[in-house]
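Asker: What follows is each chain in one-letter form.
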Amino acid sequence: MAQAQHDDRKNLAPLELRSDFPALQETINGQPLVYLDSAASAQQPARVIDAVAQYQRKDHANVHRGVHTLSHRATEAYEGARDKLQSFINAASRSEIVLTSGTTESINLVAQSFCRPKIGPGDKILITHLEHHSNIVPWQLLCEQTGAELLVAPMDDRGQLNLDALRAMLTDDVVLLAVGHVSNALGTVNPVKEIISWAKAQDITVLVDGAQGVPHMAIDVQDLGCDFYAFSGHKMFGPTGSGVLYGKESILEAMPPWQGGGDMILEVRFDTTTYNELPYKFEAGTPNISGVIGLGAAVDYITNIGIDKVARHEHDLLAYMTSKLAEIDGIRLIGTAEHKASVQSFMLDDIHPHDLGTILDHQGVAIRTGHHCAMPVMEFFGLPGTARASLALYNNRDDVDRLVAAVEKARQVFA
Amino acid sequence: MNNVADINADDLRDLYRELILDHARKPRHFGKLDGATHTAQGINPLCGDKLHLYLQIDDAGKICDAKFEGSGCAISVASASLLTDSIIGLGKSDALHRFEEVTSCLTGDVDPANAEVDLGKLQALEGVRDYPARVKCATLAWHALRNAIDEQTKPARTE
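In the order they appear, the protein sequences are chains Z and F. Sequential numbering from 477 applies to the first sequence in our numbering. Sequential numbering from 2 applies to the second sequence in our numbering.
Keep in mind that the hints are not guaranteed to be accurate.
[What the hints assert, rightly or not] Using C-beta positions, here's what the derived DEER-type ranges look like:
1. F:Thr154 <-> Z:Ala891: 54 to 60 Å
2. F:Glu101 <-> Z:Thr716: 35 to 41 Å
3. Z:Asn780 <-> F:Gly109: 29 to 35 Å
[Stated by the list, open to error] List time: in silico SDA-like cross-link candidates among lysine to any residue, alpha-carbon distance up to 25 Å:
4. F:Lys51 <-> Z:Met854
5. F:Lys51 <-> Z:Phe890
6. F:Lys51 <-> Z:Asp877
7. F:Lys155 <-> Z:Ser547
8. F:Lys51 <-> Z:Cys849
9. F:Lys51 <-> Z:His609
10. F:Lys51 <-> Z:Phe856
11. F:Lys51 <-> Z:Val889
12. Z:Lys885 <-> F:Arg14
13. F:Lys27 <-> Z:Ala516
14. F:Lys51 <-> Z:Gly623
15. Z:Lys885 <-> F:Leu22
16. F:Lys27 <-> Z:Arg808
17. Z:Lys885 <-> F:Leu20
18. Z:Lys885 <-> F:Asp131
19. Z:Lys885 <-> F:Gly128
20. F:Lys51 <-> Z:Val613
21. F:Lys27 <-> Z:Glu884
22. F:Lys122 <-> Z:Phe890
23. F:Lys155 <-> Z:Ala891
24. F:Lys93 <-> F:His30
25. F:Lys51 <-> Z:Ala516
None of these hints come from the bench; they were simulated from the model. Note that the coordinates shown come from a computational prediction; the quantities given were computed from them, not determined experimentally. Note that the Cβ used here is the ideal one computed from N, Cα and C, for glycine as well.
Given these sequences and hints, build the entire structure.
Answerer: Put into C-alpha cells, the structure is as follows:
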C-alpha cells in the first residue's frame with residue numbers, strides 16, 4: 477500500500493527529462509534553449525544518438541545478407557527495432573510493420589499500392605479539412621491518375637471535425653478514409669476510434685496519419701481497428717528518414733509491391749519474379765538501417781518513461797500553456813478544440829507570425845511560424861500562417877514561462 | 002538575466018527600427034497602379050510572403066510611378082514600401098543598379114559603408130544582415146523589381 481501511494485505521487489510529478497537531450501543544453505543568443513517546435517521535429521535523447529553512433533562506429537554492414545559478424549549485428553539491431561515498434565503500437569504481427577522513410581512515404585505507399593489498382597472514376601477518397609499536406613497531396617495525385625474524386629470532411633471554427641457531416645460522407649462509393657489522429661497545425665485530437673467504427677460499418681478502409689499521435693499518447697492499432705497507421709521516427713525522438721506504415725496483414729498480403737529492387741524478392745528471373753514475404757515485399761533496396769536502429773532506441777526511451785505518464789505530463793502542461801497565453805493582451809488562440817494534444821497556435825495583435833518567430837528566437841525560444849504544411853487550415857481561418865508552440869515530453873513550466881515572457885517582449889517591440 | 006534580455010532588445014531594435022515598423026504599419030504607395038506598364042510578382046511560398054509590384058515606365062525609360070500590393074511580414078512589407086519610395090523617378094538602368102546595391106548589401110556581400118551610392122533610408126534594412134533567415138523577406142520586392150524591368154513573367158522567389 478505504501479508502495480502504491482509512492483508510485484501515485486511519482487506518477488503525478490511533472491517529468492524532468494531535459495538533461496537527457498544534448499540539444500536542450502544549448503544556449504541561443506546567450507539564453508538556454510526553449511524548444512517548442514517538436515511538432516515539426518523532436519529532439520533526440522543521448523540514448524538515440526548513441527545507438528546510431530554505435531551502429532555507425534562498430535556494427536555497420538548491410539542487413540539481411542552476408543554471413544559475417546557485422547551483417548549479423550546490423551540485422552539483429554534493425555529487426556530488433558521492428559519488434560519494438562510492433563509492441564509499441566500493439567500490432568498483431570511483426571509482418572505488419574513496414575519500415576519507411578516516414579509518414580509521407582507511408583501514405584504514398586497506401587495511395588499507390590493499395591488504392592491505385594482498385595479505383596477509378598466514380599470512386600471517392602475521403603479526407604478532412606484538418607489534414608497536413610502529406611495527407612492531401614498523395615490523394616490528389618491518386619485522383620488525377622485514376623479519375624477518382626477527393627472529398628473533404630468539414631471542420632468548425634474551433635478546429636474540430638464536424639462529425640455528423642463526416643459520418644454522412646461515409647457512403648458506399650468511398651474506397652478509403654484518410655484521417656489525421658492529431659492535427660499538426662491546431663493540436664485537435666480526432667475521435668479516430670469512433671470514426672473508424674463508422675467507416676468499418678460501411679466496409680471502408682481507413683488510414684490514420686499518426687505522425688502527431690504517436691509521440692503523445694498510447695497507440696493500440698488493434699483497439700483502434702484501423703487498416704493502416706502511418707508515423708515518423710523524427711517526431712518521436714528518433715532520426716529523420718525513419719518511419720512506419722502499419723497495415724493489417726491480410727490487406728498488405730493482397731497489395732502489390734510499392735517499389736521494386738533488392739530485398740523485396742524471393743527469386744528473380746527475366747520471365748518471372750517472386751516477391752518476398754511481408755513486410756519485406758514493401759522494403760526494396762538497402763533501408764535506412766541507422767535511422768531504424770535509432771528509432772528502436774527512441775521506442776525504448778519512451779517505453780521506459782511510460783507513454784501514459786508522458787500523456788498526463790503534456791496534458792497538464794498544454795493546459796498551463798494555453799491559459800498563460802490566453803492572459804496576454806492582444807493574443808488570439810487558433811485551435812481551441814475540446815480534445816487537444818501538444819500544440820497551441822496563436823496570433824498576436826497584427827504582428828506577422830514570422831516577425832514573432834524572429835523576436836522569440838532572439839530570446840532563445842524556438843517556435844514554428846507559417847502555414848505548418850496545412851494551408852487549407854490557414855485559409856479556413858483567413859490567416860497567412862500562425863505562430864505555433866508545440867510541446868513534447870521534455871518541456872516544462874519554465875519553458876512556458878519563457879515563451880510568455882518572450883511574447884510580451886514582442887508586444888513591446890511592436891508597441 | 003535582465004542584462005541579457007536588454008542587450009537582446011537592443012539587437013532587435015537594430016532589425017525592427019522605427020522606420021521599418023513605420024513602413025510596415027503604413028506602407029507607402031500601397032495598392033494597384035492603373036496604367037502600369039510593367040508588373041511582377043514576388044512569392045515565397047514556404048513562408049507565405051506575396052506581393053505584386055506595378056511600375057509605370059515612360060518612353061524614355063524613366064519609372065514615373067510605382068505601387069505594390071500584397072501581404073507579408075514587417076520586413077517584407079517595409080522593404081517593398083521603401084523600394085517604391087526609392088525608385089520613383091529613376092531610369093531603368095539606375096533602378097537595376099540600385100537592385101544590385103541593395104541586394105548585395107542585404108546578403109552581406111557588400112558592406113553598406115562602402116556602397117557606391119548613398120542608400121539613404123534603405124539603410125534601415127541593413128539590420129537583416131545579422132538575420133540570415135530573414136534576408137529572403139527583405140530582398141523579395143527587389144527581385145520582383147528586377148523581374149518587372151526585365152519583363153519576366155515568372156514570379157520572383159528568394160527562398
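Asker: Against this structure, judge whether each hint is valid.
Answerer: The hints, checked one at a time:
no., hint, result
1, F:Thr154 <-> Z:Ala891: 54 to 60 Å, "42 Å, violated"
2, F:Glu101 <-> Z:Thr716: 35 to 41 Å, "38 Å, holds"
3, Z:Asn780 <-> F:Gly109: 29 to 35 Å, "46 Å, violated"
4, F:Lys51 <-> Z:Met854, "15 Å, holds"
5, F:Lys51 <-> Z:Phe890, "22 Å, holds"
6, F:Lys51 <-> Z:Asp877, "34 Å, violated"
7, F:Lys155 <-> Z:Ser547, "51 Å, violated"
8, F:Lys51 <-> Z:Cys849, "17 Å, holds"
9, F:Lys51 <-> Z:His609, "20 Å, holds"
10, F:Lys51 <-> Z:Phe856, "18 Å, holds"
11, F:Lys51 <-> Z:Val889, "24 Å, holds"
12, Z:Lys885 <-> F:Arg14, "12 Å, holds"
13, F:Lys27 <-> Z:Ala516, "34 Å, violated"
14, F:Lys51 <-> Z:Gly623, "33 Å, violated"
15, Z:Lys885 <-> F:Leu22, "15 Å, holds"
16, F:Lys27 <-> Z:Arg808, "23 Å, holds"
17, Z:Lys885 <-> F:Leu20, "19 Å, holds"
18, Z:Lys885 <-> F:Asp131, "19 Å, holds"
19, Z:Lys885 <-> F:Gly128, "19 Å, holds"
20, F:Lys51 <-> Z:Val613, "22 Å, holds"
21, F:Lys27 <-> Z:Glu884, "23 Å, holds"
22, F:Lys122 <-> Z:Phe890, "20 Å, holds"
23, F:Lys155 <-> Z:Ala891, "37 Å, violated"
24, F:Lys93 <-> F:His30, "19 Å, holds"
25, F:Lys51 <-> Z:Ala516, "24 Å, holds"
Hints 1, 3, 6, 7, 13, 14, 23, counting from the list given before, are not met by this structure.
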